[in-house]
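Chemist: Sequence:
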Amino acid sequence: PLTALGMVETMRMEGHTAFVHTAAASSLVVSLPDAAAESRVLAQQVTETTQLLDQLSIDGIITSRQKSPYSVWMKMNRKSLSMDQVLDRLAMRVRVDTVDECYALIEALHDRYDTVPGEFDDYIAMPKANGYASLHTVLQLQEGPVEVQVRTHAMHDLAEYGDASHAAYKRGQGFDIAA
94 PLTALGMVET
104 MRMEGHTAFV
114 HTAAASSLVV
124 SLPDAAAESR
134 VLAQQVTETT
144 QLLDQLSIDG
154 IITSRQKSPY
164 SVWMKMNRKS
174 LSMDQVLDRL
184 AMRVRVDTVD
194 ECYALIEALH
204 DRYDTVPGEF
214 DDYIAMPKAN
224 GYASLHTVLQ
234 LQEGPVEVQV
244 RTHAMHDLAE
254 YGDASHAAYK
264 RGQGFDIAA
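If you're matching positions, the sequence shown starts at 94 in my numbering and goes up one per residue.
These are computed hints drawn from the structure, not numbers from a lab.
Check the hints yourself; a few may be wrong.
Claimed, not checked - Taking lysine-lysine and the DSS-like style, the derived pairs with C-alpha atoms no more than 25 Å apart in a straight line are: (1) K168 to K221; (2) K221 to K172; (3) K160 to K221; (4) K160 to K172.
Given only the sequences and the hints, what does the whole structure look like? Please build it.
Modeler: Printed below as a string of structure tokens:
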């Protein structure tokens, strides 16, 4: 599996490098929101979610990422989307200890923030065929959407390293977990 993960990463980087020198990249980068501003939005959301975890007395690990222009372009082309329809340009993943904590956090996030209608998926109650389990939602902040995934540590390990991983999908052994 580690070899496959390395190959997938190498292929992604080669595609990204080739993309950077295209006209599509130039026009997309110009139309994307300012990366530094989006980074600040994401950092603020991580801070607020950390405070929310504290209020709920939940220990959690939060990671976040900004989708690269290449990844945005790939998703737009793969799914025939406009840039405004790519709702996961900013994303946050929260890992907690229990399923009850997953639901408590998602409920608190939904109580505190507006959400994008139709963008909540409960893969804990209805896991994917490959075993992938997680809660997905998209918060609609004033600055734009932020995708949030909430899962337990065990769910995370399966999604990252097990049969539900992206590398397993690329090897033809799993199913795509990306929305």
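Chemist: Confirm or reject each hint.
Modeler: Cross-check of the supplied hints:
1. K168 to K221: holds (21 Å)
2. K221 to K172: holds (20 Å)
3. K160 to K221: Roughly 24 Å between the alpha carbons, so the hint for K160 and K221 holds.
4. K160 to K172: Within the cut-off at roughly 16 Å; holds.
Consistency note: the structure conflicts with none of the earlier hints.
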